[in-house]
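Kindly generate the complete structure, drawing on both the sequences and the hints.
Here the protein sequences come in this chain order: B and G.
Mapping of the first sequence onto the numbering used here: residues 856 to 1333, in sequence order.
Mapping of the second sequence onto the numbering used here: residues 19 to 204, in sequence order.
Calculated from the structure, these hints are not laboratory results.
Just so we're clear, the structure is a prediction, and the values are computed from it rather than from any experiment.
For each residue, glycine too, the CB sits at the ideal point set by N, CA and C.
A portion of the hints provided could be inaccurate.
As the list claims (entries may be wrong) - Okay, the calculated bits of chain G under chain B, using three or more residues with CB under 8 Å as the criterion: (1) 52-60; (2) 181-195.
Unchecked claim - Take a look, some chain B residues computed to stay more than 10 Å from chain G by CB distance: (3) L1042; (4) H1155; (5) A1317.
What the hints assert, rightly or not - Per label pair, the in silico range of CB-to-CB distance: (6) G:Q117 to B:E988: 24 to 34 Å; (7) B:E962 to G:D66: 37 to 47 Å; (8) G:Q136 to B:Q946: 54 to 64 Å; (9) B:Q946 to G:D66: 19 to 29 Å.
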Amino acid sequence: MKAPRTTIQRKLITAMMLTSTAVLLLVGAVFVSHDFNSFRRFLVQTLVTRAHILAANSTAALAFQNPEDASQVLNALKTDPSVVAGALFDQRGRLFATYPMRAASEEVPDEPGPTGHRFEGSHLIVSEPVVEEGRPLGTLYLKSSLEELDNRLRVDAIVMLLAVGGSVIVAFVLSTWLQRRIAHPILALAEVARSVSERKDYSVRSQEASDDEVGILSEAFDGMLTEIQRRESEIRLLNADLERRVAVRTVELEESNKELEAFSYSVSHDLRAPLRHIDGFAELLMRHAAPMLDEKGRGHLGKISAAAKRMGTLIDDLLVFSRMGRTEMRKTSVNLAALTNDVIEELKGDAKDRNVEWKLGTIPTVQGDPNMLRLVMTNLLSNALKYSSPTKEARIEVDARSNNGELVVAVRDNGVGFDPTYTHKLFGVFQRLHGSNEFEGTGIGLANVRRIVSRHGGRTWAEGAINEGATFYFSLPK
Amino acid sequence: MPLLARRTPTLALLIAFVLATPSVGWAKLTQEYDLKAAFLFHFAQFVDWPADALPAGNSPFTIGILGHDPFGKSLDEIVANETVQGHKLLVRRFQNVDQVDSCHILFIDPSESVRMDQILSRLKGRSILTVGETKDFALRSGVIGFVLLEKRLRLAVNLAAANAARLTISSKLLRQSQIVGPVRVQ
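Quick look at the structure:
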């Protein structure tokens, strides 16, 4: 935000100067034109009066045919240097006498022209009938130079321009002084606004006690600043309180989480010993007492053994899941393509009797914990293999692409798929969309995947429909 | 145009020369009396008559000629359809002074010069503007006399005579005239 110092001041000065100059010029023009007109009227009046007097004085000269006397009468015109020519015409329109006595023929016309006054070029001309007792005797012609009028106009114009010039200077001084009075509070306010927007300093105040609208603006602005300052400190306090509370809660949560995990670990661990006893003794009993038992008894023993084994797997998986949450990550550069290939080779051994088409796209090297990422790929690929088992020509694809600064890996199969309504349940612990008699499993695999990926800062999601296969995605930040 | 302009003064000069020539031709004479007739008429505008001497009611303002009439038709033509202070103008011709009853301006022809003193004394006390052209007409108690001065028709005014006739002659007219006769004592 630049200081608009020059602009508003220049605008104010310009406005005042323009106004005053325009007004002065207008007044001057009116004055000059009025003066010009009234002076012209005065000249006409003067010449007409002169013509009246001369006409009255020259009646007898015309009546009694005395051109010498007429010339003498006309000679009175020499008192007025602006009169360049005068002439008397008799009743028949013949030239009777002239002024000056031997006037140049171009100054005196052949005939006096119409009665009254008229302007011809730079001359004023008056034709006055000479009348005695109502009887016309002739016509008087007077020609006056308008040089005086021109001079008057010139002097008027000069005086006006001088006056306008002087007034413009005075107007400039006054407007400079006035604009300072008007602009100063505005500039102060602008300065305050600038420091507020630049330094986010809400403690400054304009402190401008102007008695006009700018004063109201300043006051309102100051009030606004006070309010902002108050709210800001309030927000800051609330924020600090919130952060403090979050920190307390986080510590509490972490503690209870640790407790819970330690509890579940120890429970799982402690559960394994009695389970091994059950399994072991069930096996011993089978070996030792099998011949003594009938078919039904052996069946029961087999079921005990199988249940114990399944429970063992479950506990193992839970332990792994629990470990995944607790063990420290060792992040290194991981060749995800090679890792995936290893996992596929391992799985191929379990599915020798099946017709499975494996496809591996271009997968880049990523940053992460290689053991954990191996577990992710193992879980996803074994799931794909498991749920595509009913499909005659199973196809499992793995590929990766970059999207918005993260790497998205997709594992796609053409197996039984799932009901998209339950997509949100897929990644939960012990959540299974298929019965264990249909597909065996503990319901911990995808929960593990989610836990590992989120520990890497990524996300997990899935797409699919019943009998149309499923695609599981996870993303890793680059 | 310049050709014509240059020619005009030459023409005017020629006419002036012809007019000024003293060879008294018939045309010259007519012109002179036309001028005198006009002067007679103009006197009515430059002279004031006393109120009781002005024509009463609709009666005309009279210009009289005593003796021979040198004007012919010119005076009648000049006054035709003219008025003086609302009164019609009338030209009357008198053979002798006894006939002069109602008259405001009276031209006394030189043919009456032998009886001049008698005529003027008969008109004494009456508000009649007497005009003549005999030598020293004004000096011999006529009010206005025509005189030829430097070949121009001029006027001689006897103020005492005018005064006696209770006539007021306009200063404008006096400007054009020479004042003759005794200095006015009043």
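Structure-based check of all given hints:
1. Counting residues of the segment 52-60 of chain G whose CB lies closer than 8 Å to any CB of chain B gives 4, so the stated coverage by that chain holds, three being the minimum.
2. Proximity of the segment 181-195 of chain G to chain B, defined as three or more residues with a beta carbon under 8 Å from a beta carbon of that chain, is established by the 5 residues found.
3. Against chain G, the non-interface label of L1042 of chain B holds: every CB pair exceeds 10 Å, the least being about 77 Å.
4. Taking the minimum C-beta to C-beta distance to chain G, about 159 Å, the non-interface status of H1155 of chain B holds against the 10 Å cut.
5. For A1317 of chain B, the condition that its CB be more than 10 Å from all CB atoms of chain G holds, with the nearest at approximately 119 Å.
6. In this structure the supplied range 24 to 34 Å holds for Q117 of chain G paired with E988 of chain B, their Cβ-Cβ distance being about 29 Å.
7. Between E962 of chain B and D66 of chain G the beta carbon distance is about 38 Å. The supplied range of 37 to 47 Å therefore holds.
8. Here the CB-CB span from Q136 of chain G to Q946 of chain B is close to 38 Å, at odds with the stated 54 to 64 Å.
9. The hinted range of 19 to 29 Å is satisfied by Q946 of chain B and D66 of chain G, whose Cβ atoms lie roughly 23 Å apart.
Violated hint: 8 only; the structure is consistent with all others.
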